[in-house]
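The listed protein sequences correspond, in order, to chains G and X.
If you count the first sequence from 1, position 68 lands on 67 in numbering that gives the first Met the number 0, and the numbers rise without skipping.
If you count the second sequence from 1, position 124 lands on 123 in numbering that gives the first Met the number 0, and the numbers rise without skipping.
Careful: at least some of the hints might be erroneous.
[Claimed, not checked] If you want a taste of the chain G side facing chain X, the calculated C-beta under 10 Å gives, among others:
| # | residue |
| --- | --- |
| 1 | ARG77 |
| 2 | PHE93 |
| 3 | ASP99 |
| 4 | ARG110 |
| 5 | LEU124 |
| 6 | LEU135 |
| 7 | PHE182 |
[Stated by the list, open to error] Keeping only pairs whose Cα atoms sit at most 25 Å apart, straight-line, the calculated SDA-like set for lysine to any residue is:
| # | chain 1 | residue 1 | chain 2 | residue 2 |
| --- | --- | --- | --- | --- |
| 8 | G | LYS138 | X | LEU142 |
| 9 | X | LYS118 | X | LEU81 |
| 10 | G | LYS53 | X | GLY181 |
| 11 | G | LYS75 | X | GLY272 |
| 12 | G | LYS53 | G | PRO91 |
| 13 | G | LYS75 | X | GLU171 |
| 14 | G | LYS53 | G | PRO23 |
| 15 | G | LYS138 | X | GLY272 |
| 16 | G | LYS138 | X | GLY181 |
| 17 | G | LYS138 | X | SER276 |
Hints listed in this document are in silico derivations from the structure and should not be mistaken for laboratory results.
Quantities reported herein were computed from a predicted structural model and do not represent experimental measurements.
Glycine included, every Cβ here is placed at the ideal spot set by N, Cα and C.
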Amino acid sequence: MTANDTRPPVVEIRDLHFGYPGQPVFTGAKAEIRDGSFVSIVGPNGGGKTTLLKLILGLLQPERGSVRLFGGSPAKQRGRVGYMPQHAHVDPQFPVTVLDVALMGRLGPGRMAGPFRGTDRAVALRALSETETADLRDKPFSALSGGQRQRVLIARALACEPDLLLLDEPTASLDPTVQDDLFTLLHRLNERMTVVLVSHDVSTVSRHVDTILCVNQDIDEHPAGAISGALADLFPGAEGLSLVRHDHHHHGHGDGEHPRGGRS
Amino acid sequence: MSDFLTALVQHAFLRQALLAGLLASIACGMVGTYVVTRRITVIAGSLAHTVLGGMGAAYWLRSAHGVQWLHPLHGAVVAALLGAGLIGLVRARSREREDTVISALWAVGMALGVFFLFKSPGYKADLITYLFGNIVMVDPAALRLLVGLDALILLLVLTFYHPLLAICFDEEFARLRGVRVGWLYTLLLALIALTIVTLVYVVGIVMVIALVTLPASIAGLFVRRLWPTMVLAAVLSSAFTVVGLGISYGADLPAGATIVLLTGVVYAAAQFGSAWSGRFR
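The shape of chain X in the complex, shown without the other chains:
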């Protein structure tokens, strides 16, 4: 770990990686708590995979058509928001089963991403980066976008904290009070989508779901109110990211997988510990 600290002082790319991880942790602490309490993990998983379609399209536009200002994360934001809007619309307006649409988005988004990356000229290593994360690939442009996304997520959660809490706890009651439930639910999906985008470089599309759900789930064992759960989840997620990054740097392991494994181990230990002692609940 001391090697890691020394390296952190020496290398700007590591500091950027660490900052990206911390920014993502703040977002997933807040939004992950809604995902876990509202029990919409599957929607988060679907949106995560939808993101690949947007990243692939942006990558293709840049490499095959010379749209240089376009960052893959821009594509990720667009795809994630489109997916969130579609699920929100289906839920509010359509008789089609919501879970079928969620599964369709999951696979079709993925397929689109593979398609676009295949059609892009040059080396295809980026597919692996998007799928499994590569936190040291975070460039200053991505970092600026992450800061913006984090600020937006924080602002929206602080502004709509109470109505979002109300629709997660009892949607029907909120609707009867005249709260615009459909609109808020779509906002929640959009927040989840943006959070996923912040996590793509940290752990990759395939493993995003671990950081969205597990820190909030562990936090839920210790605190029983929404905003302290958010704070604790963000702290836990930060710790997993920093420690995971440190371990992976020292042992030369893939950072995303190390962070997720560490999170998974702590989650399992916390759940077993909680069940065994019976004291937390």
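The shape of chain G in the complex, shown without the other chains:
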């Protein structure tokens, strides 16, 4: 919360109302993501993290209130977003090479027909270099490790030449060393773009990001340093959580927060 405050907001949410039939998710939530910040959206499963992401991307429309992206409507502005979905979202056996995947970031409304141009290939290759996967460019996506796949999907997002990088659960199912490498990369990218990531793992992200948005029916903003307060919001009644701030496992502290390690 320093000089960032003077810059225009990348995402601006006001009086947000949204819900699914019989299940309200947001009732009057507000939040702001400032240009150049490094933000994590955290919260228990079912608290509305993915819904919030879809609202920001304009895949869902608010019932009331507004979601603004770069000061405009999300559907019109989302071309400026580089999006990385949860890795379980793509079929790992799909017959594509790493470069094929990165090149998908170059598609757009005006680029539907015919082969890619040389500039598209250059941008995609630069994105792969940036995520240290350029030497894998001709490898099948199916032959990569989990961490490599995340990096290639980030490269695809970077190939969009985005102003905002939006990542859904980038650390899920990665072991701690690989997670740290990933955050080093995200910090480097944060030097030139806003980075927003969704995570269910508060303790990991709180060590890396500068702002945390807690999503559980409502949206609360916390500087990452005040994370014990954020945790208290998330897991009411669990005093003394600061003692386990750096622990990766929150056994018994919450209603929906479970460690998810060990998935391949």
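Please build the complex by placing chain X on the supplied structure of chain G, with the hints as guidance.
What follows is chain X alone, placed relative to chain G:
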């Protein structure tokens, strides 16, 4: 097999049959790869059966109402495209479950075909031809249509290769990039529909699904990129068609069933071999 080669030189109908099989193989190699990787085999099956409605209607118009220029394959093209358009529309616009619509098309298309063929005067042997294929029934008019369809499919796949790949791999990401996903998905369905039409004479409506999915599936065991999978699937499909036709000619067996059985045997062997050796993946 040498009898078959001799016969091939002697008989124009066999050469036409072989050419029809090769044309269909090119289409199903390319489009079958999308069907397998996008996991929409059931849609392909549904469109295949929808085709009978159009063929029946065209046959009826010709035999009962004297519309002589109308070929059953014209009806097949119309029905297949209508089916593709309907599934595309339901997916994009409606809250109705997509799979229910797919099943409805499957059965209703079939029923319409039976209905029209029943109402057509004369001998009804054509129903069996449409259902189970009769590659030697390919006439020059059908062959010209097949060439046109093949050229169209090839052109569309080459033009929209990258966006089609993107929507098959990750539709949501493509939508966020501003790619017209609904339109492309309907295009893909139309390509599947046209491919099915090219296969109707080769193996028949009921068995079309084998040539759409199995060669691409076998190819996927050996190559791990989309366009080489397409090429290999087309080569495999051609081989199955030529060898199957040769076997059926020599042993006096139905060509469509022979081609499908051969494809099925190779598919099973390839899958078992792959699982057993563990080397391909």
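Against the structure, the hints:
Restraint check, ARG77(G) versus chain X: the minimum CB separation of about 6 Å is within 10 Å; hint holds. Restraint check, PHE93(G) versus chain X: the minimum CB separation of about 5 Å is within 10 Å; hint holds. Hint status for ASP99(G) relative to chain X: holds, with the closest Cβ pair at about 7 Å, below 10 Å. Interface hint status for ARG110(G): upheld, as the beta-carbon distance to the closest one in chain X is roughly 8 Å, under 10 Å.
The interface hint given for LEU124(G) is violated, since its Cβ lies 16 Å from the closest Cβ of chain X, which is over the 10 Å cut-off. Because the beta carbon of LEU135(G) sits about 13 Å from the nearest beta carbon in chain X, more than 10 Å, this interface hint is broken. Taking 10 Å as the C-beta cut-off, the interface hint given for PHE182(G) is violated, the closest approach to chain X being about 23 Å. Note on LYS138(G) and LEU142(X): the hinted pairing is violated, with a Cα-Cα distance of about 41 Å set against a maximum of 25 Å.
Taking the CA atoms of LYS118(X) and LEU81(X), the gap is about 22 Å. The hint holds against a cut of 25 Å. With a CA separation close to 18 Å, the supplied pair LYS53(G) and GLY181(X) stays within the 25 Å bound. A distance of roughly 50 Å separates the Cα atoms of LYS75(G) and GLY272(X); the hinted pair therefore is violated under the 25 Å criterion. For the hint linking LYS53(G) to PRO91(G), the alpha-carbon distance of about 23 Å falls within 25 Å, and the restraint holds.
Proximity of LYS75(G) to GLU171(X) is assessed by CA-CA distance (about 16 Å); at most 25 Å being required, the pair is judged to hold. Restraint check: the Cα-Cα separation between LYS53(G) and PRO23(G) comes to about 15 Å, which is no more than 25 Å; the hinted pair holds. Taken as a hint, the LYS138(G) and GLY272(X) pair is honoured in the structure, with Cα atoms around 23 Å apart against an allowance of 25 Å. Annotation: proposed proximity of LYS138(G) to GLY181(X) is violated, straight-line Cα distance about 30 Å (limit 25 Å).
A threshold of 25 Å between alpha carbons decides the hint, and for LYS138(G) with SER276(X) the separation of about 21 Å falls inside it, so the pair holds.
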